[in-house]
Amino acid sequence: MDLSAINPVLLIASLMVAATAVMIAAIGELIVERAGVLNLGVEGMMITGAICGFAVAVQTGSPTAGFIAAAAGGAALSMLFAFLTQFALANQVASGLALTLFGLGLSALLGQGYQGIKPPSTPRLDIPVLSDLPWVGRIVFGHDLMVYFGLALVAATWAFLKYARAGLVLRAVGENHDAAHALGYKVVRIRVLAIAFGGAMAGLGGAYISLVRVPQWTEGMTAGIGWIALALVVFASWKPWRVLLGAYLFGGVTVLQLNLQAAGIAIPVEYLSMSPYIITIVVLVIMSADKSRAPASLGRIFHATH
Amino acid sequence: MKLTKRALMTGAAMALGLAATGPALAQDKTKVGFVYVGPVGDGGWTYEHDKGRQAVEEHFGDKVETVFVESVPEGPDSERVMTQMALDGADLIFTTSFGYMDPTINVAKKFPDVKFEHATGYKTADNVSVYSARFYEGRAVQGTIAGHMTESNVIGYIGSYPIPEVIRGINSAYIHAKKVNPDVQFKIVWAFTWFDPAKEADAAKVLIEQGADVILQHTDSTAPQAAAQEAGNVITFGQASDMAEYGPKPRVSSIIDNWAPYYIARTQAVMDGTWTSTNTWDGIGPGMVGIGEISDAVPAEVKAEALALKDALASGEYHAFTGPLKKQDGSDWLAEGETADDGTLAGMNFYVEGIEGDIPQ
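For the record, the sequence lines run as chains A and B.
This note's numbering puts the first residue of the first sequence at 1, with every later residue one more than the last.
This note's numbering puts the first residue of the second sequence at 1, with every later residue one more than the last.
Please keep in mind that the hints were generated in silico from the structure rather than gathered at the bench.
Each residue gets a CB set at the ideal place from its N, CA and C atoms; glycine is no exception.
Careful: at least some of the hints might be erroneous.
Below, computed lysine-lysine pairings styled on DSS-like, alpha-carbon distance capped at 25 Å [stated by the list, open to error]:
#1 K51(B) to K118(A)
#2 K123(B) to K31(B)
#3 K303(B) to K179(B)
#4 K51(B) to K63(B)
#5 K162(A) to K186(A)
#6 K118(A) to K249(B)
FRET-style restraints, in silico, Cβ to Cβ [unchecked claim]:
#7 I278(A) to D332(B): 39 to 49 Å
#8 G61(A) to A300(B): 28 to 38 Å
#9 A244(B) to H303(A): 50 to 60 Å
#10 W241(A) to D332(B): 56 to 66 Å
#11 G232(B) to S292(A): 39 to 49 Å
#12 P128(A) to G347(B): 51 to 61 Å
#13 V136(A) to G287(B): 52 to 62 Å
Bound-form chain A, shown alone (with noise of 0.2 Å):
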C-alpha cells in the first residue's frame, strides 16, 4: 500500500474532469423536467452531441466551434422529441427512450470517417501567477472553461429557478399545467424550449466527452453516462446544487477508486468498482429524506382543449 503515489492536487483536480460531462448534462435534464416533461433520450442527445461537436471541431480546428456544434445538434435532436410529445402527443417514456436509440444509430453514422483523429486540445486557463500557485492554482485555475461554465450553469440554473419570473413561470407549468394554461401561460411553447435547452445541454455534456475527457470519437462512447445524468436529477430531488454534489461525488469516486487500484490498496477491487454508484445513491438518498418530490405533473401528456 502506498497512498503517497497519489498526488491529492491531480486527484481534485481529475475528478472536477470527471463530474463535468454528467453535471452539464444532468443540469439541462433537471429544467427539463421542472417544466414536467420526462426526457430519457439523454444518452442518445449525449452521443449525437459528441459527435456533432467532435466532427466541426476537426473541421474548423476550433473548439468552441465544436462546442456550438454540440449543442446545436443535441438541441436539433431534441426537437424530435418535442414534436412527438408536445404536438403529436406521444408518451414521454416512449418517445425519449427511442430518442436514444435514434442517437445512439445517427452518431454512429455521422462518425463514419472520424475514428482514430486527433480532435484540437481545448486549451486550459493560463492565468500568469494565479495557475502557478501551488493547491490551489491547479486546482481552481488550471481547468479548461467548460469546467467553469458548468459551475456557472449550475448556479444561474438555481437563481433562475429560484428568483426569475421565467423560472416561477416554469415550475409552475410543471407542477400544474392546467392551472398554468388558465392563466394564460403558453405551456407547449415554454416545454418546447426547455426541452431545447435540455437537448444543447446533454450535447454539451457529449462534446465534453469526446473534445476534452478523453478526447476522440468511438461509437457508443458515452457508455451509459446519459442514463447516470438521468438518475442523478431524481436522486438530487430536481435540485441543482445537489446535481453538482452528486456528479462531484460520483466523478470523484470514480477517480479515487482508480487512484486506490493503482496505488495497491487492500480493498478488493469489485467493492472499489461500485462505490461510485453506492455512494452517490446514499448521500443523495439521505439528503432527499425532506419533504422534496417529484414535479406534479412530470410526464403527463398536456392538450388544451379550450
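Based on these hints, arrange chain B on the given structure of chain A.
Chain B alone, transformed into the frame defined by chain A:
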C-alpha cells in the same frame, strides 16, 4: 439498453427480410451470425471480429449471409440475442466474448442443429467449438519492448475482467519486462468493463499520474491511446487491432487479432458438412496473432530483440512461459526449462512472482 434496441431492430429487420424474400431463398444460403460485445466501430476487439465477418462475406459471396448484433451485454441478454439468431435460421453462430460462455452452452442445448463457436472460453459441447488466440505470445513481445523503453520503471496495465485470458497477458508481459529490466514494477487497474472509453481514459490518466510511462491495455477501445497521446511522453501498444492511427507514438507496436482465416474455414466446414466440435488455440506461428509494425520511436536494437523473440515464439523454439518461474506466493511453478501446459494456462488464476497486488476473486 443498447442491446435491447439493437436486438429489437435486428429482429424487426430479420422479420421484414423473411417476409420479403420467403423461406425458400433463405435456405440456399449458409447463414452465419456474430454476437459482438462492443460496437463494430470500437477500433479494437469487435472491429477485428467484424473484419473477419466481412472477409467471410467477401470469400463466399452469394453463398453466405451474415448477420451481427453489436453491443450485446454479457449475461442473460446475450442468450436472448443468440436464441433470436438461431430462430431466424442461422447455421453457424460466433459468440465473441468470454462472458458469452454459459449463454452459448445454454442456447446450443436448445438448438442441436445449429453450430456454435465461442471465442476465448473453455466449455465445449457436440455443437459448440471454442477458439482463441495465444495473445500472451504477443504480450511477451510487448513486455520486452516495455521493459526497455520505460524510464520511470513503472508500467501501467489496464485490465478488463480478472479472467485467465487477461491474467495470462499480465503475467507474460511482466515476465518479459522483468527479464530485460529487473527494476520494473507493474501497476494494475481493473476497469471491470470491456468497452467504456471515458473510464478507460480515466484509468490511463490515473496510471500516468502515478508515474507510469508505458500503458498496456486489455480493454477494447482506443481511449487509452488518446489519453497517452495527450499526456505526452508515454508509450502504448495497440490492443486487438493495430491502432496505427496513434503511431509512431504513443503507439509503438500492437497485437493484431486475425480471425478471418478461421472464420472462413469454419464456415466452409459447415457448408461441406464436415464441421465438428474443436478446440483451437493458435498463436503467432499460424498467424492468428499478429505483431503490428514496431515504430521508429523504439531504438533499433530493442526492435531487433523484439522481432527475434517474435520469431522464436512463432517457430515454437521458445515458449512464453518457460521456467524457472515461481508463483506470486513464492511457491514453485515451473522448473528450469519446463514450459507451461495448456491446461494450466487456460485456467490461469495466479500472478507470477514479483507482481504486487491481488487478483480480484
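Task: Distance restraint between K51(B) and K118(A), which requires alpha-carbon spacing of 25 Å or less - done: holds (23 Å)
Task: Cβ separation of V136(A) and G287(B), checked against the hinted range 52 to 62 Å - done: Once the Cβ atoms are compared, 56 Å apart, the range 52 to 62 Å for G287(B) and V136(A) holds.
Open item on the list: Next pair to validate is K118(A) with K249(B); report whether the Cα-Cα distance is within 25 Å.
Closed with: Given pair K118(A), K249(B) holds - Cα atoms ~13 Å apart, limit 25 Å.
TODO: Quickly compare the C-alpha distance for K303(B) and K179(B) to 25 Å and report which way the hint goes.
DONE: holds (16 Å)
Open item on the list: If I claimed the Cβ atoms of W241(A) and D332(B) lie 56 to 66 Å apart, would that claim hold in this structure?
Closed with: holds (59 Å)
Task: P128(A) versus G347(B) beta-carbon gap, inside 51 to 61 Å or not - done: Since P128(A) and G347(B) have Cβ atoms about 59 Å apart, the given range 51 to 61 Å holds.
Task: Range hint 39 to 49 Å (beta carbons of I278(A) and D332(B)) holds or violated - done: Holds - the Cβ-Cβ distance for I278(A) and D332(B), about 41 Å, lies within 39 to 49 Å.
Open item on the list: If I claimed the Cβ atoms of G61(A) and A300(B) lie 28 to 38 Å apart, would that claim hold in this structure?
Closed with: For A300(B) against G61(A), whose Cβ atoms are near 36 Å apart, the range 28 to 38 Å holds.
Task: Pair hint K162(A) and K186(A), alpha-carbon separation not exceeding 25 Å - done: holds (20 Å)
Task: 25 Å limit on alpha-carbon distance, applied to hinted pair K123(B) and K31(B) - done: holds (24 Å)
Open item on the list: 50 to 60 Å was suggested as the range; check whether the CB atoms of A244(B) and H303(A) agree with it.
Closed with: Holds, at about 56 Å.
Task: G232(B) paired with S292(A), Cβ distance criterion 39 to 49 Å - done: Distance hint for G232(B), S292(A) holds at roughly 46 Å.
Consistency note: the structure conflicts with none of the earlier hints.
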